[in-house]
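Asker: Sequence:
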Amino acid sequence: MRNTVEILGVRIDKVTMNEALQKLQSFLQEDRVHTIYTPNSEIMMAAQRDEYLKDILNSADLLVADGAGVVLASRILKVNLPEKVAGFDLVRNSFSMEASKKTRYFLFGSKPGVAEAAKEKILNTYKNVEIAGCYHGYFSPEDEDNIIDMINRSGADILLVALGAPKQEKWIHENKDKLKVKVCIGVGGSLDVLSGNVKLAPEFFRRNGLEWLYRLYKEPRRFKRMLDLPRFILRVIWKRLTKA
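So the sequence shown is numbered by my numbering: it starts at 170 and just counts up by one.
All the pointers check out, no bait thrown in.
Each pair of labels, with its calculated beta carbon distance range:
#: 1; residue 1: N297; residue 2: G365; range: 14 to 24 Å
#: 2; residue 1: E311; residue 2: S195; range: 35 to 45 Å
#: 3; residue 1: T294; residue 2: D318; range: 26 to 36 Å
#: 4; residue 1: S265; residue 2: K345; range: 18 to 28 Å
#: 5; residue 1: P251; residue 2: Q198; range: 17 to 27 Å
#: 6; residue 1: K349; residue 2: N377; range: 39 to 49 Å
#: 7; residue 1: R218; residue 2: I406; range: 15 to 25 Å
DSBU-like, lysine-lysine: derived pairs with alpha carbons at most 30 Å apart:
#: 8; residue 1: K296; residue 2: K271
#: 9; residue 1: K347; residue 2: K192
#: 10; residue 1: K280; residue 2: K290
#: 11; residue 1: K296; residue 2: K280
#: 12; residue 1: K408; residue 2: K336
Hints were generated in silico from the structure; no laboratory data involved.
A virtual CB, placed ideally from N, CA and C, is assigned to each residue, including glycine.
The task is simple: from the sequences and hints, build the whole structure.
Answerer: Okay, structure coming up:
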């Protein structure tokens, strides 16, 4: 039975990174498509404005807290998630999972050339991984059937979808029944980091829940989007006060 906590109507799995990886491994043994989403504070706030997105998040087979803000919210509400399970770290750690055969990934999204660059870096670093295919995220609706056919013909086990939130979550939800992979994961900007095009925040910032501050320093244009972090925490505090 799943152990989840509810934060503003979104059910987050109460798992550690190791437990999330164990669930991912178990999904690979089952004969159906599984979905994994990794909401941060911005996505949680987007779900407050978009019931369809909230329903998609709640339909996930695994929903983990990508961000210190979501973990902080759980503590304010006294439902205490054990730790942050960042989507990038989940994907990176999955490359090192023990398996009887190589796990096959399909990299889908980001700008043209990014997935291919990420593929090269991944294969140079991880030995138990095979990249079954790549395709960029700049496509028209008319291309979707061909992209899905390409993914299915690749024989991939895991599809990493890097279209940005909430587009990637909606794309996965609306197309999962056409896919033959075992797992779909919405990975945001992970391919940009894996390719080397974008630097991961230094460990100090990541460890202390300040990754948002580093991103804001590197990308000031994100300021408006990042206002959702205090909005999210204020809404959670209000929920706690009114619940009390």
